[in-house]
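With the numbering used here applied, the sequence shown closes on residue 228, and no number is skipped along the way.
Honestly, the hints are just simulated from the structure, not real lab data.
From the three backbone atoms N, C-alpha and C, an ideal C-beta is built for every residue, glycine too.
It is possible that part of the hints are untrue.
To be verified - Label pairs and their computed distance ranges (CB to CB):
# : residue 1 : residue 2 : range
1 : T93       : N145      : 17 to 25 Å
2 : I100      : D216      : 38 to 46 Å
3 : S9        : K76       : 42 to 50 Å
4 : G46       : K103      : 35 to 43 Å
5 : I88       : Q34       : 26 to 34 Å
6 : Q123      : F172      : 37 to 45 Å
7 : I100      : E127      : 19 to 27 Å
8 : K90       : K170      : 22 to 30 Å
What the hints assert, rightly or not - Straight-line distance between alpha carbons at most 27 Å, and here's what the computed DSS-like set of lysine-lysine pairs gives:
#  : residue 1 : residue 2
9  : K39       : K20
10 : K176      : K189
11 : K83       : K54
12 : K176      : K62
13 : K62       : K141
14 : K20       : K103
15 : K178      : K189
16 : K11       : K170
17 : K116      : K170
18 : K16       : K189
19 : K69       : K90
20 : K16       : K141
21 : K103      : K90
22 : K11       : K30
23 : K176      : K30
24 : K189      : K62
25 : K83       : K69
26 : K16       : K30
27 : K116      : K30
28 : K189      : K83
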Amino acid sequence: MNVTNQLQSEKEVIRKIRLKLREYFPNLQKLIDQNVITKNDWLFFGMIQFNLVKCFLDTPEKIIRKSKKQIKQIIKFYDLEVKTRNYILKSNTILSENNIDLKDIKEQIVYYNEHKEYWLDRQNSNELYFNYELSMFLYYKWMNNFEFEIDNTLNLMLDIMELTNFYRQKFFTIEKLKYEREILLSKLKVSSLLLINKNDDFQNIIDVGMDIELIDVDSFNREIQAHL
Numbered sequence: 001m002n003v004t005n006q007l008q009s010e011k012e013v014i015r016k017i018r019l020k021l022r023e024y025f026p027n028l029q030k031l032i033d034q035n036v037i038t039k040n041d042w043l044f045f046g047m048i049q050f051n052l053v054k055c056f057l058d059t060p061e062k063i064i065r066k067s068k069k070q071i072k073q074i075i076k077f078y079d080l081e082v083k084t085r086n087y088i089l090k091s092n093t094i095l096s097e098n099n100i101d102l103k104d105i106k107e108q109i110v111y112y113n114e115h116k117e118y119w120l121d122r123q124n125s126n127e128l129y130f131n132y133e134l135s136m137f138l139y140y141k142w143m144n145n146f147e148f149e150i151d152n153t154l155n156l157m158l159d160i161m162e163l164t165n166f167y168r169q170k171f172f173t174i175e176k177l178k179y180e181r182e183i184l185l186s187k188l189k190v191s192s193l194l195l196i197n198k199n200d201d202f203q204n205i206i207d208v209g210m211d212i213e214l215i216d217v218d219s220f221n222r223e224i225q226a227h228l
């Protein structure tokens, strides 16, 4: 599939997903109108849909290749965050000149270390990690945070797999999705800064699908973190 056809396919699938979304959840527009679902919430959900579609449209070979690259990138991110904070703890100059709270730094080290260990375990596991797991986790988190009904949340996921002709869709049922949803929500660890980062040296884990300069990344990340 060439780039133009891929983009057209993505847009068509997303259009159909949004129709299904409103069919399954008729109160969605009311939540948007009442600002229960904020502009950034809705923007984030659009990114989640976009990334799910991109993942599911890929060939098995591309998914495996991208998954291996992604998990290395995730571990690199957390490793750097831990090392940076450990360095700060050792520097009296940085601590004194920036009025840094030692307790906060130590808590952050624990937080990022836990995340790093999770991803190292996934990397070393005999069970392959697939990049679509992260997008599925974000989808489930978002839907769960707004208390959307679980069965229709899972029905919509099956619809997305069908619309994208996802190569593994035949292995998924409502029961299997329900089981894997519980595992993802209870175990997967991710922070908002890992997903979207304005550092030019860092490649975002999720495809923003737009020019990142068009959004207030700091404000956006604060709202994303609330979902995680």
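Next on the checklist: Would the hint linking K39 and K20 be met if the CA-CA limit is 27 Å?
Outcome noted: With Cα atoms ~20 Å apart, K39 and K20 stay inside 27 Å; holds.
Item to check | Satisfaction of hint between K189 and K178, Cα-Cα up to 27 Å | outcome: With Cα atoms ~19 Å apart, K178 and K189 stay inside 27 Å; holds.
Checklist entry - Is the straight-line distance between the alpha-carbon of K16 and that of K189 27 Å or less? => result Between K16 and K189 the Cα gap is close to 30 Å, so the pair fails against 27 Å, i.e. violated.
Item to check | Hint consistency between K189 and K83 [alpha-carbon to alpha-carbon, up to 27 Å] | outcome: holds, 19 Å
Checklist entry - Is the distance from the Cβ of S9 to the Cβ of K76 consistent with 42 to 50 Å? => result Distance hint for S9, K76 is violated at roughly 31 Å.
Item to check | Satisfaction of hint between K62 and K176, Cα-Cα up to 27 Å | outcome: holds, 24 Å
Item to check | Pairwise hint evaluation, K103 against K20, where the allowed Cα distance is 27 Å at most | outcome: Status violated; Cα separation ~47 Å.
Checklist entry - Holds or violated: K189 with K62, Cα cutoff 27 Å? => result Judged against 27 Å, a Cα distance of about 24 Å means the pair holds.
Checklist entry - Quick one, are K83 and K69 close enough, alpha carbons at most 27 Å? => result Holds: K83 and K69 sit about 21 Å apart, inside 27 Å.
Checklist entry - Between K90 and K170, is the Cβ distance one that fits in 22 to 30 Å? => result violated, 53 Å
Checklist entry - Is the straight-line distance between the alpha-carbon of K69 and that of K90 27 Å or less? => result Distance of about 32 Å is beyond 27 Å: violated.
Checklist entry - When you check the alpha-carbon spacing of K103 and K90, does it fall within 27 Å? => result holds, 14 Å
Going down the numbered hints, you'll see the structure goes against 1, 2, 3, 5, 6, 7, 8, 11, 14, 17, 18, 19, 23 and 27, while the others check out.
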